Every structure is written in C-alpha cells, then in structure tokens.
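Asker: Protein sequence lines, in the order shown, are assigned to chains A and B. For our numbering, count along the first sequence from 1 and bump the result up by 14. For our numbering, count along the second sequence from 1 and bump the result up by 14.
These are computed hints drawn from the structure, not numbers from a lab. Fair warning: this is a prediction, and the values are worked out from it, not measured in the lab. Heads up, some of the hints might be wrong.
Same chains, same label: a pair holds when it works inside one copy or across any pair of copies.
Said to hold, decoys possible - Taking lysine-lysine pairs in the DSBU-like style, the calculated list, with each CA pair at most 30 Å apart, reads:
| id | residue 1 | residue 2 |
| --- | --- | --- |
| 1 | K170 | K294 |
| 2 | K30 | K170 |
| 3 | K170 | K308 |
| 4 | K308 | K412 |
Protein chains: 2
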Amino acid sequence: MELNRIARLAGGGGGKVLLYVLDGLGGLPREPGGPTELEAARTPHLDELARAGTCGLHDPVAPGITPGSGPGHLALFGYDPLVYETGRGVLEALGIEFPLGPGDIAVRANFCTLDARGRVADRRAGRIPCAEAAPLAARLNAIELDGARCTVRHVKEHRFVLVLHPEAPAGDAVNDTDPGRPGLPIRAPVARNAASEPTARLLAAWLEAAAERLAGRTQANMALLRGVSSQPGWPRFPDVFGMRAAAAAAYPMYRGVARLVGMDARTVPAGAPPLVDALKARFADYDFFFLHFKPPDKAGEDGDFDRKVAAIEEADAIVPDLVDAGPDVILVTGDHSTPSVMSSHSWHPVPFLLHGPPARSDDATTFGETACRAGAHGRVRGCDLMRLAMASAGRLAKFGA
Amino acid sequence: MELNRIARLAGGGGGKVLLYVLDGLGGLPREPGGPTELEAARTPHLDELARAGTCGLHDPVAPGITPGSGPGHLALFGYDPLVYETGRGVLEALGIEFPLGPGDIAVRANFCTLDARGRVADRRAGRIPCAEAAPLAARLNAIELDGARCTVRHVKEHRFVLVLHPEAPAGDAVNDTDPGRPGLPIRAPVARNAASEPTARLLAAWLEAAAERLAGRTQANMALLRGVSSQPGWPRFPDVFGMRAAAAAAYPMYRGVARLVGMDARTVPAGAPPLVDALKARFADYDFFFLHFKPPDKAGEDGDFDRKVAAIEEADAIVPDLVDAGPDVILVTGDHSTPSVMSSHSWHPVPFLLHGPPARSDDATTFGETACRAGAHGRVRGCDLMRLAMASAGRLAKFGA
C-alpha cells in the first residue's frame with residue numbers, strides 16, 4: 015500500500031508506538047529439531063508480551079530474499095524495500111554519518127591493487143589496515159575537480175566513501191567500475207542515461223587524479239567505485255505516519271537509515287540499558303520510538319549461538335523498564351534473521367510480537383519462531399507491521415466509506 | 015492480479031457460485047481469551063460447511079487497514095480496493111440508488127450552520143431532523159445553473175447528495191469545501207487539474223445559489239461539499255469473471271456497489287429468509303449470486319455482542335435452504351470485521367469458508383476466527399477469494415502453457 019494513501023488515513027492522533035529492534039533476531043536450530051537462539055534464550059518478559067499480545071512472522075523484503083540492514087529497517091519503518099531502494103553509496107555514507115545533502119552523489123569506494131599491466135590483482139588491496147588506509151584516504155580527499163567539490167572519508171580497512179557535490183544537478187545512474195574478479199582491467203564509469211553523463215565524466219576525472227596520487231605504490235595503488243547514488247526524495251516518516259519519531263542506536267548505520275526517513279536519531283552507548291534512558295528521556299516529546307539493539311546480529315554473524323542467546327537475554331532484561339515508560343503499542347522484532355549456524359544474514363522470516371489493544375487471542379504463549387508461526391497474524395510482509403501497529407494505536411482512519 | 019488477466023482465464027463455463035456476505039462478520043472476544051461473536055454463536059450449518067470445506071482469514075484492503083463498506087465489498091467481488099477506489103460522492107449516490115450516468119459528478123453534501131461572520135459554527139447543522147431537512151433539499155433541487163443540470167436528493171438528517179450533469183465532459187478532481195473544524199470559513203471548491211476547472215466553477219456557482227436559497231435561516235443556512243467524484247469506467251464483473259451475476263440486498267448501499275460492477279441487483283425485505291427466495295427465484299438464469307445480510311454489522315456498530323451473536327445465528331439458520339438451491343461453490347465471509355467491543359469497523363482479518371470441490375482437508379471443524387486461522391488458506395487478501403471460488407467452480411483456465 016502506497017505511503018501517500020497511508021498518509022491520508024493517519025490523522026496524527028492516537029497512542030505512542032515503540033519499535034524495539036533486536037538486530038538479526040531470527041535464527042535456526044543448532045541441531046535438527048532443536049531450539050533456535052531465540053527459543054533457547056530465557057526471555058520471560060518477551061514471553062509475557064507475546065502471551066498477552068499477538069504474534070506472527072514477517073518477510074522484510076519477500077519470501078526467499080535475504081535482506082541487508084538498510085532494506086530490513088526500511089521495511090520495519092513501513093517503507094516497502096522493493097519500492098524504496100537505497101543505493102549502496104548512500105548507505106555507506108549514512109553508515110559513517112556523513113551529512114549528505116540534496117544533490118550530493120555518494121560512492122562506495124575501496125582501495126585495490128593493480129598489477130604492472132594495469133589489471134586488478136587484488137580487488138581489496140589486501141584489506142590494508144586502517145592505519146595505512148586513513149592517510150591514503152586523506153591524500154585522495156585533497157583531489158580538486160572542475161565542476162564539483164569532492165570529499166573522501168575513510169570507513170574501515172580498504173573501504174572509503176567518495177561524495178561528489180556537483181555544481182549543476184547531475185544524475186546518479188553510473189555503472190560500477192569494479193570488474194568483479196582479478197585479472198581484468200578496471201571498468202570506466204559509464205552513464206546509463208543522459209542526465210548522468212556529467213557524473214560519469216566527473217568520476218572518470220577523479221579516478222585519473224586518484225591514480226596519480228597513488229602512483230608508485232605496489233599495493234593500494236588504485237580505487238574501485240560502486241553503488242553511485244544520491245539521497246532519495248522520499249516521503250518523510252513524520253509526514254506519512256503523523257508521528258514525531260525518535261531513534262536511538264549505538265551504531266551509525268542505523269541512525270543513518272532512521273535519519274534518511276526523517277527520524278530524529280541520537281547516539282546511545284552500546285548495550286541494552288542505555289536504550290531505556292533514551293526512551294524515557296524523550297518519551298513526552300515524541301510519538302514513535304525506534305530502539306536498535308545490535309548484539310544478536312553480531313553474535314549471529316560470528317557464528318556464536320551461545321553469545322546470540324545471551325544477547326537476546328540481555329535484550330529481554332530491559333523489557334519491564336521499556337513497558338514502564340508507558341508506550342501504548344509495543345512491536346518487537348528483527349530487521350532480518352541472522353542464524354548463527356550460517357554466520358550471515360538469511361532469508362528466513364522474522365518473528366514479531368505486537369502488544370497493544372484490541373486484539374484477538376492467539377496460540378503464541380512464548381516468543382519464538384515456532385510459536386510465532388501459530389500467531390494471530392500468520393505470515394505478513396515487513397512493511398505491513400507499521401500499519402498493524404498504527405491500527406492498534408488508534409492512528410488510522412477507515413479506508414473508504 | 016489484474017482483472018484483464020483474470021478475464022483471459024475465465025472462459026464462461028463451470029459451476030454456479032454463491033457469495034453469502036454476513037456484513038461485519040469478524041469480531042473480537044468480549045473478555046480476554048473468550049470467544050468472538052461468531053465463536054459464541056451456535057452455527058451448526060456453517061460449522062458443517064467449514065468442516066467439509068476449507069477456511070482462512072482475509073484482509074479486505076491490507077493488514078492494519080480498516081475497510082469501509084464500499085472497499086470491503088469490492089474486494090469480495092474480486093476488485094482490489096487499492097486499485098479500484100470509489101469516491102465518497104459516488105458511494106453516497108449509490109446508497110440512495112440514484113441512477114448515476116456516465117459523466118455525472120456526485121458530491122456528498124450536508125447542511126451546515128454559518129455564524130454571523132460567515133464562519134462555520136456547526137459542520138452538521140445540529141443534525142437537523144429529516145422532516146426539516148427534506149424540504150430544504152427540495153429547495154436546493156430547484157437550483158438551475160448554466161452549463162449543467164443539477165439534482166439534489168436528501169439522504170438522512172443533515173446529509174444530501176448533489177449530482178451535476180455537465181453539458182460538456184468535466185473532471186472530478188475538486189477539493190472538499192469542508193474546513194474540517196468550526197470557526198473557519200468554508201473553503202472554495204478548488205480544481206486539482208485543468209480538466210476539473212469547469213466542475214469547480216459549477217460547484218462555486220451552485221454554492222452561491224444555495225446560500226441565497228438558505229438565506230435568513232439561523233441554522234442549516236449553508237452546505238458543505240465533499241468527495242466530488244464520478245462513476246468510474248471499471249471492467250464489468252460479468253465481463254471479467256464470465257458469470258451472469260445477481261445480487262440481493264435489503265439496503266441500497268450494497269445494491270449500489272453491486273450495480274457499480276455490473277451485477278443485476280434486486281431489493282429484498284430485511285432478514286435472512288428472503289435471501290433464500292431471492293436465490294431460488296433467479297437460480298436458473300444466473301451463474302453468480304451475491305446475498306447480503308446486514309444485521310451482524312448493525313449489532314456490532316451498536317456495541318451489542320449478544321445481538322450480533324443472534325444475527326449470526328439467524329444467518330446460519332437459512333444455510334440448508336441455500337445449499338438446497340444447488341450452488342456448486344459456496345463462499346461465506348464478511349466485508350470487514352465489526353467487533354462489538356469496538357462499536358465500529360476494524361482492521362482485524364475476516365474469517366471465510368469456501369465449500370466446493372476439490373479441496374485439501376484442513377483443521378477448521380467449526381466456523382470462527384480461531385478455527386479459520388488453522389484453515390487451509392491461511393491469510394489471504396480479500397480480492398483473492400473470487401479467484402479461489404472461480405477455481406473451485408472450474409471456471410479458470412491454466413495460466414500459461
């Protein structure tokens with residue numbers, strides 16, 4: 015359902031909504047027939063919310079599709095990730111909280127190593143350490159071009175962000191320069207439409223300047239450019255849903271995605287307890303609260319079942335304090351599954367619980383993948399959840415007469 | 015799935031389909047953990063159909079969205095309400111069976127009261143009684159304009175319908191004149207595109223004439239205009255689904271929506287037994303039958319749990335007679351939920367049962383919200399149901415070779 019139609023139904027009045035995201039929440043059993051991480055975790059408070067509320071499973075993007083963190087969160091914010099697609103350059107810039115402006119063009123870039131014949135020998139330049147890469151990035155930041163200011167910010171190891179600020183508006187439809195495998199020459203930046211020709215020319219000029227500044231090195235002597243993209247002109251979350259929205263996250267990437275849709279995002283220290291303070295401190299001034307808790311995903315990515323269990327238990331421990339703050343509707347879920355047996359994001363649908371009036375009873379008396387399958391909501395799309403939470407908060411008018 | 019693609023698969027042969035709509039069927043428990051209205055009702059005949067057939071839950075519009083009666087029924091007729099949106103003016107005209115023609119522009123209007131400074135003092139003119147409003151509507155019906163015939167028909171209390179019949183085709187994209195709250199002046203009718211400029215001018219002239227005819231009154235001395243809309247040029251139900259379609263309803267609104275998609279609609283007395291006669295009398299001449307039973311919704315809107323239970327039991331009592339008429343496929347459901355604990359329509363998914371060959375067995379051995387959750391169909395969209403019924407009636411060819 016399109017956001018402008020939701021905006022027409024969202025009058026602005028109603029209860030307060032808390033979205034508590036346990037990153038990478040969904041999991042898989044360690045051994046066949048066993049519990050998932052969430053099912054193995056002792057989560058009395060989440061179980062109580064599940065018992066009193068209603069449960070289900072959601073597909074952040076679509077069944078079978080493994081979501082990245084950007085699309086996973088956009089879905090939870092009510093933005094269909096198949097409609098609202100972010101470029102990787104923008105996501106990388108958001109991840110380091112680079113203040114992208116309208117018209118800026120962001121590129122996800124990294125150092126690579128060319129051989130003597132000018133072919134790509136190592137697409138990641140041996141993942142050179144930060145200490146070596148940061149001064150190189152500073153060197154590239156000094157590049158000056160005709161027609162655009164350009165900024166380079168180091169991210170981590172071989173990765174950096176390049177942002178162009180063109181003097182005249184320019185498109186972002188430019189192909190990646192990464193040839194995809196070693197032994198091939200770097201591809202030229204090619205525009206896919208006329209409006210993006212100036213951008214392609216600027217990037218070609220920048221690559222030439224970068225090659226000069228890295229000349230003489232045997233490693234990290236060139237850069238690859240990917241995900242050329244600009245900040246999208248999307249409807250803002252407060253305008254669509256009629257809620258003043260506050261976000262709290264320890265990691266910049268999640269604050270970045272929240273800001274991208276117009277939330278007021280703040281940095282909190284890592285761990286669950288700071289989220290309680292973040293909620294309580296701003297509770298009176300906002301209607302919607304997005305609290306992001308990263309550790310389950312990190313443990314899953316590391317393939318550490320027990321650490322993911324412990325992370326989920328840490329998330330559970332603060333639930334009484336979150337409830338105590340007084341939100342009318344509480345939605346607890348993940349942005350995707352990160353099964354520790356896979357050590358990666360996965361496509362498996364994500365359990366969610368919705369605690370708010372008025373609801374049918376269901377058979378989910380604990381919070382877990384199997385219990386949620388028997389929940390009142392069945393299997394829905396990730397971007398359906400905002401509407402369900404809004405309905406429960408009394409914030410959506412009737413559709414049609 | 016688009017209607018023109020369904021039309022290509024619907025050959026015209028196959029069994030007869032009965033759609034029996036219990037308006038506002040879905041509900042909520044009166045107390046936590048208790049039965050819903052449908053679950054509390056003694057419905058041996060519907061239970062038998064559910065046991066022999068297959069069950070599920072449907073979202074008429076989308077998860078979290080509370081449907082109006084128009085969108086709810088359009089979904090059951092196979093028209094996605096997110097694609098086929100009716101204006102409120104058209105729905106109000108349908109509700110009094112005004113014979114809207116192509117090019118007619120319908121407006122949902124009502125009397126309001128302006129204060130001495132010309133600001134809206136009461137947006138509903140004290141909900142003046144019909145006896146007072148009807149003669150005022152007759153006065154407005156006498157208004158004559160250059161460029162359009164115009165007709166006013168009283169609906170109920172302060173509400174009436176204004177229909178323009180412009181001499182030249184004119185658009186219907188004109189904003190409401192209702193300022194939304196008291197203390198503000200009436201808004202001028204503003205066109206949102208060039209094609210609708212003539213309509214905006216006609217409405218402005220009509221408002222001027224209406225003010226003259228209501229001058230001197232202290233109450234109901236002006237009119238507000240909303241939902242300016244014209245009859246949409248939608249594909250007709252008989253053309254899409256290849257079925258001659260007969261509708262029977264006691265209330266004009268539902269006959270109106272059935273006619274809007276090209277069904278042959280007839281008036282029946284209120285209550286369930288007349289629906290049996292309506293089905294049997296036309297059984298030989300039609301392929302599809304829409305029977306509308308209003309009382310569950312009315313009881314739900316009135317917040318009367320017990321009366322909704324009784325209404326559902328009344329609907330159940332005629333099921334053997336409906337079966338006796340010999341339809342090949344029977345679909346029983348609601349156009350939306352109307353939980354009596356909410357005294358209003360709601361977004362909760364609606365139970366349905368589909369009785370027809372050949373089907374997998376499922377765990378639904380009674381007809382109710384909880385049982386339907388364990389049904390073979392899971393949770394589907396309202397506009398999916400027509401395809402499921404058509405398939406069971408042997409009316410849909412294979413998609414692709």
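Asker: Now look at each hint and say whether the structure bears it out.
Answerer: To see whether the hints hold, each was checked on the structure:
1. K170 - K294: Classified as neither: same-chain Cα gap 34 Å, cross-chain 49 Å, threshold 30 Å.
2. K30 - K170: The answer is neither: 38 Å in one copy and 37 Å across copies each exceed 30 Å.
3. K170 - K308: within (19 Å within a copy, 57 Å between copies)
4. K308 - K412: For K308 and K412, only the inter-copy Cα distance (19 Å) is at most 30 Å; the intra-copy one is 36 Å.
Consistency with the previously given hints fails for numbers 1 and 2, ordered from lowest to highest.
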